[in-house]
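K.L.:
Chains as they are written, first to last, in full-length UniProt numbering: chain A, 1 to 238; chain B, 1 to 154; chain C, 1 to 180.
Misleading hints may appear alongside valid ones.
Claimed, not checked - List time: in silico SDA-like cross-link candidates among lysine to any residue, alpha-carbon distance up to 25 Å:
(1) B:Lys148 with A:Ser154
(2) A:Lys136 with B:Asn145
(3) B:Lys49 with C:Glu174
(4) B:Lys111 with C:Thr67
(5) C:Lys64 with B:His17
(6) C:Lys64 with B:Asn108
Since the hints were made in silico from the structure, they are not lab data. Bear in mind that the values here come from a model prediction, so they are computed numbers and not experimental data.
Residue strings, one per chain:
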Amino acid sequence: MEKQGQGQEGRRGECAETCFDLLLIEMIHLYGGRPTQGTTTTTTTTTTTTTNATEATPKANGGGVQERRPSGAQERGPGEAGAGPGGGPGDGLESMGFQVGCQLGERYSKSRASFDDTLDIVKFLCKDFWTEVFRKQVDNLKTNHRGVFVLYDSKFRWLRSASAGKMMGDNASAAAVGAGSGGQPGQGKTTVGDLLRFPCGLIRGVLFTLGIKAVVSADVASSLPACSFTVKIQQQAK
Amino acid sequence: MVCYNMYIFNRDGVCLHYQEWSRPKHVKDGAGTLVDDAKMMFGLLFSLKNVCTAIDPTREVKRPLGAPTPHGEGCSFRSFTTDCYKLHYLDSPSGIKIVLNTSTDLGNLEKHMWQIYSNLYCEYVVKNPLYTVGEPFECEQFVQNLNKLIKSLG
Amino acid sequence: MSSKGKVASSVAGERINSELFTLTYGALVRHLLLDLESPEEVNKQLDRMGQNIGVRLVDDFLAKTNTTRCRNFKEAVKTIADTGFKMFLGIDAKVTQIGDKECKMVLNDNPLIDFVELPEKLEPLSYCNLLCGVIRGALEQVSMKVEVLISKDPLKGDERFELHMKLLEYINEEYPFADD
Chain A
1 MEKQGQGQEG RRGECAETCF DLLLIEMIHL YGGRPTQGTT TTTTTTTTTT TNATEATPKA
61 NGGGVQERRP SGAQERGPGE AGAGPGGGPG DGLESMGFQV GCQLGERYSK SRASFDDTLD
121 IVKFLCKDFW TEVFRKQVDN LKTNHRGVFV LYDSKFRWLR SASAGKMMGD NASAAAVGAG
181 SGGQPGQGKT TVGDLLRFPC GLIRGVLFTL GIKAVVSADV ASSLPACSFT VKIQQQAK
Chain B
1 MVCYNMYIFN RDGVCLHYQE WSRPKHVKDG AGTLVDDAKM MFGLLFSLKN VCTAIDPTRE
61 VKRPLGAPTP HGEGCSFRSF TTDCYKLHYL DSPSGIKIVL NTSTDLGNLE KHMWQIYSNL
121 YCEYVVKNPL YTVGEPFECE QFVQNLNKLI KSLG
Chain C
1 MSSKGKVASS VAGERINSEL FTLTYGALVR HLLLDLESPE EVNKQLDRMG QNIGVRLVDD
61 FLAKTNTTRC RNFKEAVKTI ADTGFKMFLG IDAKVTQIGD KECKMVLNDN PLIDFVELPE
121 KLEPLSYCNL LCGVIRGALE QVSMKVEVLI SKDPLKGDER FELHMKLLEY INEEYPFADD
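In isolation and in its complexed conformation, chain A is listed as follows (with noise of 0.2 Å):
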């Protein structure tokens, strides 16, 4: 359905920033709201966003996990290979940040000469990508050297409005009105953590673009708008 990049990014055209956040919105409100997986899950703010079925099953579809221009559109990543059969209804959310983050990743990383490493690649995420994305750096990046990184933004672009509506403060909110929609899908409450499906998928795109296999998790423990992100390397840039 889409044609991929090849010369045609020459129109950068401007659109308000209202309109991609209500289109997000309405995804969230659409795709979002469900508890994930039907466990009974007590994370409330944390989502992780690759399914543990398909992190078990990497790759059954064969593809190159280092082939490093996936045209994101067509590309099934391990998160969308699960997407169907196991995955729980908010990976929609992942799956379509995943899309789009493929197709960024490519465009964004054209103009620039190949990377050094996987922390280059990182340091791309984090600055490049970050500031065209969410109008800022990453405020503060650690890494245990282990292939695990948290990308610590004090500002989240996409939270920026977001505060929680009725139930105000405190932790149990969102277990609570998740475990409460239980029954009808698609008419839960959108949670905190459904508004960070999406922006992980879409880091797992960029990064899965530029030959990183991970599974990235979101955390908002402190206070909106902060959130942080943590990447978790499974298969290295060569």
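Since chain A is already given, all that's left is putting chains B and C on it; use the hints.
P.N.:
Showing chains B and C alone in chain A's frame:
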């Protein structure tokens, strides 16, 4: 100067938000409950607008008093002052109605009312992904910024 | 580009590269096609989502343009064409036909369909149906019930993107509570 309380309604009469800074006369001694209080307030706004429209000396109104008017038509009012308090009012074309009750010494707050609508309601409620349109809200960011704005009046 | 257009984009608030918006919309449509049974269902879903967006968008529009009144269909249509499209999508729109209850509007560009090509089997898909919903939802908030259709679509071989709008009725403001 004192700000007493604020109501935000949508066109369906749902009280989306109520906030109180000072209410010397408790709601128990008035309408009884907050729900009835809000309903009374909405009724007042609605009827007052209709009456204002009916007696408008500048434009012809073809409807009898009380007949439904299309939204956006008719005369909206911006404030009224009683012996005891002043009511500031903003009625957006989309039917969002914001009411702020203050002491009578406050001047024209139209600009501030518009700020509450455009900078606070639109930014922190309408664009809040956790907000469901048409439901009452208690958005923290909205409340914080509203309190700031109210403080700046004094 | 009209000076009015420039004014519109200057009050429009933060601008972003429309690529992110376009690609995200593409991902959504693609996902809906996988999730729902038929392209017709996707059209409906896009329309519904658009309507919800319109309901929120209208407040943003009113706030940013300092609009305190919306009088009638004709005026609303002109505002959408002159200011709305420029402000939100960064494109120019022109009203080509207008009456009290009906109008046609041509967009000189449409960022939603950048990078998009529809395969034949998706012929029934109205890719930009979201737009119809947005306009309908927004106008409904300012008391006009309208019907919006895509009358010409470059994805279906037409040269321009054209919207056809029809006013169904003005909504009256009625007292929402039963008298008690």
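K.L.:
Does each hint hold? Answer for all of them.
P.N.:
So, going through the hints one by one against the coordinates:
Between B:Lys148 and A:Ser154 the CA atoms are separated by roughly 22 Å; this keeps the pair inside 25 Å, and the hint holds. Restraint check for A:Lys136 and B:Asn145: satisfied, since their Cα atoms lie roughly 23 Å apart, inside the 25 Å limit. Between the alpha carbons of B:Lys49 and C:Glu174 the distance comes to roughly 12 Å, so the proposed pair stays at or under 25 Å and holds. As the CA atoms of B:Lys111 and C:Thr67 are separated by approximately 13 Å, the hinted pair is consistent with the 25 Å bound.
Proximity of C:Lys64 to B:His17 is assessed by CA-CA distance (about 22 Å); at most 25 Å being required, the pair is judged to hold. Only pairs whose Cα atoms come within 25 Å are accepted, and C:Lys64 paired with B:Asn108 is accepted, the gap being roughly 21 Å.
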